[in-house]
Each structure stands twice: as C-alpha cells, then as structure tokens.
Amino acid sequence: MIYTVGEMAQKLDVPASTLRYYDKEGLLPFVERSSGGIRMFRENDFEWLQVIRCMKKAGMSIKDIRQYIELSMQGDNTIDTRLEMFRHQREVLTQQIQQLQHTLETVEYKCWFYEAAKAAGTVDVPGAMTDADVPDQFRAIRQELRGQKMPNIER
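29 is the number of the first residue of the sequence shown in this note's numbering; add one for each residue after it.
One or more hints might be untrue.
Stated by the list, open to error - Using 25 Å as the maximum straight-line C-alpha spacing, the simulated DSS-like pairs for lysine-lysine come out as follows:
hint : residue 1 : residue 2
1    : Lys-177   : Lys-138
2    : Lys-85    : Lys-138
3    : Lys-85    : Lys-52
4    : Lys-84    : Lys-52
5    : Lys-52    : Lys-91
Hints in this document: simulated from the structure, not taken from any laboratory.
The whole structure should be built from the sequences, with the hints applied where relevant.
In structure tokens form, the structure reads like this:
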C-alpha cells in the first residue's frame with residue numbers, strides 16, 4: 029500500500045510538515061517519489077519514521093539521525109557504528125533519567141514541606157524541624173537544599 033505525506037502523517041500522528049521537514053533534512057532517502065515528484069510512503073517506511081521519531085525524542089540531533097540513516101543504507105558493514113550510536117544515546121538518556129529522578133525527589137520534598145506548612149499554618153514549623161522529624165525519604169534532599177550534602181549525580 030502507498031501513502032501520501034498526509035496519510036502517513038496521520039498514521040504517525042504528526043503534522044505533514046514534520047515529514048516534509050525530515051525529507052528536506054535528508055532523513056528520508058528511502059522514500060520513493062512518483063514521476064510528478066510526490067512522495068510515496070510504503071508500509072515499511074512506517075518503521076523508519078517511528079525510529080526517526082524515537083531518535084528525536086531521545087535528543088539526537090538531525091545531523092546524527094542523518095548519519096544513522098546513511099549508515100543504515102550502507103548495509104551490514106556499519107552495524108558496529110550504529111550499535112555504538114545507540115549505546116551512546118542510551119547512556120545520555122540514562123543520565124537524563126537520573127537527573128529527572130533527582131528533580132522529582134526535590135519536588136516531592138517541597139510538596140511534603142508545603143503540605144506540612146499548610147497543616148501547621150506556617151512554613152516555620154517544617155522549616156524548624158530537625159532531620160529526625162523529617163520523613164526518611166526527604167532527609168537527603170533537605171540536607172542538599174540546605175548545603176549540607178552534595179548530590180551524587182552529574183549535573
């Protein structure tokens with residue numbers, strides 16, 4: 029089955045302009061064109077487009093995605109390079125997840141802090157608590173926010 033830009037965009041749930049942009053940036057060398065120059069997407073192009081979308085969400089640059097596609101088009105002799113690209117991106121994402129987890133822990137601490145302040149009618153009560161009075165899961169974050177302990181994640 030052949031899809032137009034609009035049909036494939038709808039199938040991917042992206043604007044048609046996104047697919048045109050990908051094509052302009054050289055990310056769609058696998059897409060055929062009609063004699064009139066109209067892009068003709070095939071069923072197997074869907075997987076390519078899903079991978080491109082995943083790579084974008086993973087934070088890869090257009091340049092790196094283009095390089096990956098060019099390597100893929102070259103065949104099996106580039107497997108090692110492509111594998112290394114994905115291993116590198118996995119490491120980048122793992123670090124981002126750790127940073128986001130730390131951020132979430134800080135936000136959860138502040139939610140607890142303001143819930144305690146609301147119950148007491150003042151921020152002075154949770155602010156004056158000793159570490160022993162603070163729930164276990166928030167002690168490290170509280171100490172870090174007060175400059176008593178540095179986090180052990182990369183910033």
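Right, here's what the structure says about each hint:
Between the alpha carbons of Lys-177 and Lys-138 the distance comes to roughly 17 Å, so the proposed pair stays at or under 25 Å and holds. Between the alpha carbons of Lys-85 and Lys-138 the distance comes to roughly 29 Å, so the proposed pair goes past 25 Å and is violated. Distance check on the hinted pair: Lys-85 and Lys-52 sit about 19 Å apart at the alpha-carbon level, within 25 Å; holds. Our distance criterion of 25 Å between C-alpha atoms is met by Lys-84 and Lys-52, whose separation comes to about 16 Å.
For the hint linking Lys-52 to Lys-91, the alpha-carbon distance of about 12 Å falls within 25 Å, and the restraint holds.
Checked against the numbered hints above, the structure violates only hint 2.
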